[in-house]
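Chains as they are written, first to last, in this note's numbering: chain A, 1021 to 1296; chain B, 1021 to 1296.
The set of hints was computed from the structure by calculation and includes no laboratory data.
Each hint should be verified, as a subset may be incorrect.
Copies of the same chain look alike in the list, so a pair counts if it fits in one copy or across any two.
Stated by the list, open to error - Keeping only pairs whose Cα atoms sit at most 20 Å apart, straight-line, the calculated SDA-like set for lysine to any residue is: (1) K1231 to L1295; (2) K1195 to K1224; (3) K1171 to S1271; (4) K1286 to L1143; (5) K1105 to N1094; (6) K1171 to A1125.
Spelled out, the chains give:
Protein chains: 2
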Amino acid sequence: MKLFKKVVIVGTGLIGGSIGLAIKKKKLADTVIGISRRRSTIDLARKIKAIDSGFQGLSAARGADLLILAVPVNTLVKLSPRLSKITGRECIVTDVGSTKERIVAKLDRLFPNFVGAHPLAGLEKSGVANACRCIFENALCIITPTKSTNKRSLRKVAALWKALGSRIVFMPAKKHDRITAIVSHLPHVAAFSLANSVPANYLKFAAGGFKSTTRIAASDPQAWAQIFIANKKNILNSLCIFEKNIDGIKSAIKKEDHAALIRILKRSQQIREKLA
Amino acid sequence: MKLFKKVVIVGTGLIGGSIGLAIKKKKLADTVIGISRRRSTIDLARKIKAIDSGFQGLSAARGADLLILAVPVNTLVKLSPRLSKITGRECIVTDVGSTKERIVAKLDRLFPNFVGAHPLAGLEKSGVANACRCIFENALCIITPTKSTNKRSLRKVAALWKALGSRIVFMPAKKHDRITAIVSHLPHVAAFSLANSVPANYLKFAAGGFKSTTRIAASDPQAWAQIFIANKKNILNSLCIFEKNIDGIKSAIKKEDHAALIRILKRSQQIREKLA
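Produce the entire structure from the sequences given, and follow the hints as far as they go.
Encoded structure:
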């Protein structure tokens, strides 16, 4: 099912590369062009057939009918003014950023056909070498239209994500950032902090529990530093909630209050058991 | 390779049941007896062949040449005086408790042939229904001898864990508790607190990151409440370190200090990448 003629992906890393693989496999476009700062990334993306051809300059975005921005959130905002002068007014522009409020506010003004999106499909691994078209299958993709979002562009971006196998949820960017602060950004702060709490000579005693709680501590520092700053207010709020929960356990331990601990841990167990 | 005649396992849950399965599969004993409070647990343990026969009373421990205590840490300390009157002086006694200092101090006095052990092989699932002899293969088993530990008993308990496929490390109970506070108990506090930080209506947006950081939040509340209290001092210390690391990220976010965040996250990434 062809949806686009020329798709241009800016940033052919884990997510950009995986989108390219899926679009090509499902034949959703005539051609898929990749733009990356690094020649080696372009070469690898071409080799694994994530893109048909690749370029280091933004001018390769000319003539696209779909532009997908798949670079870290700051880079995305930084490159957009230049890209808006290259792409035509008809070009549909979307992104995959993990934070939405700032991005949507800026890109809505720059591109007449912008539609913000965020596939909840990241991995702790980064780079096109880890790309896989499977990561979007059955994943949630949050799309964040605004009052000014063009309806046809919205339908086409939604059709793309459906074609990639994702389940779509529409919500305002503000709500997206509040939710992801809790369910995604907070666990990353916790995982990074857990990893940094372990002395090097204790690492060999780390078993399954430590490994799974810190899996995402191996995530791309560049991408996550930018997310943390972009979603500052919500993340600081979610950290307050987290610290209150930590304090609850801490105070029960101090008082050796077994009954209070059982109450707290039963609640977490019930919550966690709701997830697969 | 037969190591024991009559092995008695007190507590045929996830760990006790898995030990039974492995001992029987590898023919390490003539007979494996299970003791459990609940008839249904005994029936299931027999059904899956984790034990040859099972009883609800502690007197079934009579005549054992190996007694394995696989109940939560408080229960273990509570049952031991009675068990010490049932088992003969020759009986080797070992445990699988997640904390060691209190247990080893008490059981060393009660049993002439006690050897403390802790296989780092827990799961977030509990109960004999989830037992699997595979969980000890390639896992680390920490054995915590004291000055009074009988050498022959120590050799036999080590031989058992080797036969179950585990890698053995010997260390004092005090050191064990310091290490596990950081690499195991702290991640549990974090996971329980993360799960409790998410409002019910946000749960459907939880993706891979949240799922893996909170996997162990589904762990048995009874067992973990007891571990938290038994290893109180070390866990409170490890929480101080964790909170300092959280504060480091928090303060960098507040100041929008991108360079500081990169430094912190790169360190966590390097630490995490050392683990498989």
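Comparing the hints with the structure gives:
1. K1231 to L1295: This pair counts as both: shortest intra-copy Cα distance 19 Å, inter-copy 7 Å.
2. K1195 to K1224: Only across copies: K1195 and K1224 sit 14 Å apart there, 41 Å inside one copy, limit 20 Å.
3. K1171 to S1271: neither (52 Å within a copy, 41 Å between copies)
4. K1286 to L1143: between (29 Å within a copy, 16 Å between copies)
5. K1105 to N1094: Within one copy only: 19 Å inside a chain, 69 Å across chains, cut-off 20 Å.
6. K1171 to A1125: within (17 Å within a copy, 71 Å between copies)
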